[in-house]
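**Student:** For reference, the chains in residue letters:
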Amino acid sequence: DTAVSQTPKYLVTQMGNDKSIKCEQNLGHDTMYWYKQDSKKFLKIMFSYNNKELIINETVPNRFSPKSPDKAHLNLHINSLELGDSAVYFCASSHAGPSSTGEAFFGQGTRLTVV
Amino acid sequence: AQSVTQPDIHITVSEGASLELRCNYSYGATPYLFWYVQSPGQGLQLLLKYFSGDTLVQGIKGFEAEFKRSQSSFNLRKPSVHWSDAAEYFCAVGAKGGSEKLVFGKGTKLTVNP
Chain R
1 DTAVSQTPKY LVTQMGNDKS IKCEQNLGHD TMYWYKQDSK KFLKIMFSYN NKELIINETV
61 PNRFSPKSPD KAHLNLHINS LELGDSAVYF CASSHAGPSS TGEAFFGQGT RLTVV
Chain F
1 AQSVTQPDIH ITVSEGASLE LRCNYSYGAT PYLFWYVQSP GQGLQLLLKY FSGDTLVQGI
61 KGFEAEFKRS QSSFNLRKPS VHWSDAAEYF CAVGAKGGSE KLVFGKGTKL TVNP
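Order-wise, the sequence lines are chains R and F. Just so we're aligned, residue 1 is where the first sequence starts under the working numbering, counting upward by one. Just so we're aligned, residue 1 is where the second sequence starts under the working numbering, counting upward by one.
Do not rely on the hints blindly, as some may be mistaken.
Unchecked claim - Here are the simulated SDA-like cross-link-like pairs (lysine to any residue), alpha carbons at most 20 Å apart as the crow flies: (1) Lys-44(R) / Lys-68(F); (2) Lys-9(R) / Asp-30(R); (3) Lys-41(R) / Thr-5(F); (4) Lys-40(R) / Ser-3(F); (5) Lys-36(R) / Lys-68(F); (6) Lys-40(R) / Ile-11(F); (7) Lys-36(R) / Asp-18(R); (8) Lys-106(F) / Asp-18(R); (9) Lys-9(R) / Ser-3(F); (10) Lys-68(F) / Pro-40(F); (11) Lys-41(R) / Leu-56(F); (12) Lys-40(R) / Thr-5(F); (13) Lys-9(R) / Ile-11(F); (14) Lys-44(R) / Pro-40(F); (15) Lys-44(R) / Gly-41(F); (16) Lys-40(R) / Ile-60(F); (17) Lys-49(F) / Gln-6(F).
Just so you know, these hints were derived from the structure itself, not from any lab. Owing to the predicted nature of the structure, the values given are computational and were not obtained by experimental measurement.
Make the full structure from the sequences, and use the hints.
**Tutor:** Written as structure tokens, this is what we have:
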């Protein structure tokens with residue numbers, strides 16, 4: 001059973017298009033994240049949701065809009081795609097709370113290529 | 001704000017040799033520290049974590065790491081590297097509570113020569 005799954009795995013699209021990436025976790029976690037990994041492999045947080053509420057929004061252009069319909073799902077919609085949006089986007093989840101040991105579990109990533 | 005430095009961008013070792021990957025962190029409170037591995041085209045897999053207790057932690061695939069508060073370090077070690085260990089390794093720091101973001105280092109690429 002896949003713990004954190006993202007779809008699609010690969011996404012090639014033209015500049016100006018709108019696209020979505022979906023993420024689901026079956027770990028029972030209450031916190032989910034989107035991370036971006038650039039061409040130099042640097043990983044940076046974009047958004048974090050806890051129980052469907054946005055708690056971290058790290059200086060991301062407002063063309064990026066996350067949505068969490070329930071605590072097991074976190075989707076990422078990107079409007080008006082630009083060349084610089086090309087990257088690998090990782091979804092992750094973790095358990096929050098005083099007993100948490102803080103580790104995040106990651107999906108396989110979505111490689112977005114904007115042409 | 002927390003930060004992580006991995007001084008080595010690329011390390012090459014021979015199969016069977018020992019390995020040490022360096023990680024230094026900056027964090028105002030007691031850190032939660034992690035090492036993740038990313039094989040080509042794959043997601044990130046947790047190798048090990050430190051959040052309290054024994055400063056020498058054991059992980060999967062024969063890896064271990066030692067937390068040294070005085071040096072703000074959390075170096076990853078393996079006594080004998082296998083060809084399948086070739087991958088990108090990321091050190092990360094987080095906070096107690098689990099809903100905080102992880103801050104990652106820039107990664108160390110490990111190449112294993114036969």
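**Student:** Hint by hint, note whether the structure agrees.
**Tutor:** Okay, the hints, checked on the actual structure:
Between Lys-44(R) and Lys-68(F), the direct Cα distance comes to roughly 25 Å. Violation of the 20 Å bound is thereby established for this hinted pair. Restraint check: the Cα-Cα separation between Lys-9(R) and Asp-30(R) comes to about 23 Å, which exceeds 20 Å; the hinted pair is violated. Between Lys-41(R) and Thr-5(F) the alpha-carbon distance is near 14 Å, which keeps this suggested pair within the 20 Å criterion. Between Lys-40(R) and Ser-3(F) the alpha-carbon distance is near 17 Å, which keeps this suggested pair within the 20 Å criterion.
Using a Cα cut-off of 20 Å, the hinted pair Lys-36(R) and Lys-68(F) is violated, with the two alpha carbons roughly 29 Å apart. A C-alpha spacing of about 16 Å is found between Lys-40(R) and Ile-11(F), which places the hinted pair at or below 20 Å, so the restraint holds. With a CA separation close to 17 Å, the supplied pair Lys-36(R) and Asp-18(R) stays within the 20 Å bound. Our distance criterion of 20 Å between C-alpha atoms is broken by Lys-106(F) and Asp-18(R), whose separation comes to about 29 Å.
The suggested pairing of Lys-9(R) with Ser-3(F) is violated, with an alpha-carbon distance near 29 Å, which exceeds 20 Å. With a CA separation close to 30 Å, the supplied pair Lys-68(F) and Pro-40(F) exceeds the 20 Å bound. A hinted pair counts as satisfied when its Cα atoms are at most 20 Å apart, and Lys-41(R) with Leu-56(F) does not qualify at roughly 28 Å. Of the pairs offered as hints, the one joining Lys-40(R) and Thr-5(F) holds, with about 15 Å between alpha carbons and a cut-off of 20 Å not exceeded.
Taking the CA atoms of Lys-9(R) and Ile-11(F), the gap is about 29 Å. The hint is violated against a cut of 20 Å. Using a Cα cut-off of 20 Å, the hinted pair Lys-44(R) and Pro-40(F) holds, with the two alpha carbons roughly 18 Å apart. Distance hint between Lys-44(R) and Gly-41(F) is fulfilled; the C-alpha atoms sit about 18 Å from each other, no more than 20 Å. With a C-alpha separation of about 26 Å, the suggested pairing of Lys-40(R) with Ile-60(F) is violated against the 20 Å cut-off.
For the suggested pair Lys-49(F) and Gln-6(F), the alpha carbons sit about 16 Å apart, so the restraint of at most 20 Å is met.
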